Each structure stands twice: as structure tokens, then as C-alpha cells.
Amino acid sequence: MTAALVLIAVLTLATAAVALALRNLIHSALLLIASWFGLAAFYLWAGAEFVAFAQVLVYVGAVSMVVLFAVLLTRRSRADPVVSPDSLSRAVSAVLTGVAVFGVLAAAILGTRLSPSTVAAPTATVRTIGTQLMGTHAAALLIVGMLLTVALLGAVVLAAQDPAETNQDAP
Amino acid sequence: MTLDPLQLCLLFSSALFCVGLVGALARSSTILVLLGVELMLNAANINFIAFWRYGPPTAPATGVMFVIFSIAVAAAEAAVGLALIIAVYRHQKNIRLQEASRLKG
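For the record, the sequence lines run as chains A and B.
Numbering-wise, the first sequence is residues 1 to 171 according to my numbering.
Numbering-wise, the second sequence is residues 1 to 105 according to my numbering.
What the hints contain is simulated information worked out from the structure, not anything from laboratory work.
Note that the structure is predicted; figures quoted are calculated from it, not measured.
Treat each hint with caution, since some may be false.
Chain B stretches covered by chain A per the calculated footprint, using a threshold of three residues with CB under 8 Å from any CB of chain A [what the hints assert, rightly or not]:
| # | stretch |
| --- | --- |
| 1 | 17-27 |
| 2 | 46-56 |
| 3 | 79-91 |
All C-beta atoms, glycine included, are put in the ideal place defined by N, C-alpha and C.
Take the sequences, apply the hints, and build the full model.
This is how it looks when you write it as C-alpha cells:
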């Protein structure tokens, strides 16, 4: 049980770390998809099946496609989507910051006496989730739908090209 | 010292958060910075699920509700962020953060 969690954690963290260290953006995006699969495996391990499938649908299915589109639309040369190397001093200070933050968080976690409940694991059937979404959280569901609509319309407006601008750019 | 699963989950989520933080701070490609922010959001979702699974009993499926809404908001954020990146690329012909220093289009 715990070994599976450690395995999932190591795989997810390794793919995420390598993805953020690579210079080829396509490789980064593909490795991040692997990392999101690892997170879905974690949700399955924890007994939240619906969240795992939502993670696969939203991240592995939709966000990864949007990321790949952005990588392909913004590459500098047609040949390869490789970014120029970043400054070393910034990388060193970023790693130091990350290690310090992890040290503080880990010390806080290990120093706290958590008392995990000994009762049976909670279950979330799709029926329960549906009644909760449509009953208790109906207002929040409507607001999230509104937010998604507005955000996606805003994204289209931001990314759409002005026709006048296109004519101006043409040689 | 033996770690209980809740502590392991929290350590996993804080490690993922720090990986995302280092990525967002160290890289100068806007896309990778946005992906680092996405990883930090995912680390928060792990915490919701871990406390739902091992925390004191609550109303049914509370943690799952939190994560579903969080995933929806993260998807909206990713769409707007990548549209912003494409808009910046159109003005600057580049997505390096250092060169996106003007507000004028």
C-alpha cells in the first residue's frame, strides 16, 4: 500500500522535474503528460476514482493539447522548438529557494503529530458526487460554468488575430 | 520513525509544489513558467485528497468536490494563460520573459 504510493510519487516527481529542466519544449510537454498520469494514479490509489478520471480528461486530454498548440505556435524556427539556455545564477537561486521551501514544509509536516482517522476509508460514489453537485453545491457549479465560459471567450478574444493587423503584416 | 500515509502524501505534495516553484522561478520560457504554476496547483489538489482520505470524517465527498472545482478553475487558468502567451508572442516575436518588458502593444 505504502510502497505503491512511494512508487507513484517518485515517478511523478521525476517526470515533472525532468520536464521542467529540459530545453526542448515538446519533450517537456510530453513528460508533463506522464506526470499528470502519475497524479491520476495517485487519485486512484487514494480512492477518488472520479477525480482520477477528471484529471485524465482535463489535464491529459485538454490542457496538454492546449500546451502543445502553444508550443507549436510560438516556436522561433520551423525546425526545432528548443529554447535558448537560461541563466545559471537564476537557476541556482531558484533551486536554493525551492530546497529551502521544501525544508520548511517538510519540517512542519514531520514535526506535527497528525492523527489519521482509523475509520474505514471514505467512499465517493458517482451518485453521491452527483447529488452533492446538484444539491448542496448547485450555486458553485453554476458559478464555475459561468467562469469557464467567460475565461474561454476571453482566451479566444486574446488569441484571435485582428484582420487589419494581418493585412498590415503581410508583405 | 515510521511515516503514516498522510505524512507521505503531504511530503509528496510539498515536493511537487517545490518542483513547480523551481521551474517557475528558474526558466525564462513563458510556457514552462505556466506549467510550473500548473504543477503547484496540482500539489494543492493532492492535499485536498489526502486530507479527505485520512483526515477526520466530514460530509460525504467534500474533498472530491474541492478538487473538481479546483480542476475546473485550473483549466480556465491554463486556457487564458496560453492565450496570453500567444498574444505576447505576436507582439514580441518571442516568449522569453526578459524580453516581454513593455506594456505597449
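Right, here's what the structure says about each hint:
Under the rule that three or more residues need a Cβ within less than 8 Å of chain A, the assignment of the stretch 17-27 of chain B holds, with 10 such residues. Chain A is given as covering the stretch 46-56 of chain B, and this holds because 8 residues of the stretch bring a CB closer than 8 Å to a CB of that chain, at least three being needed. Under the rule that three or more residues need a Cβ within less than 8 Å of chain A, the assignment of the stretch 79-91 of chain B holds, with 10 such residues.
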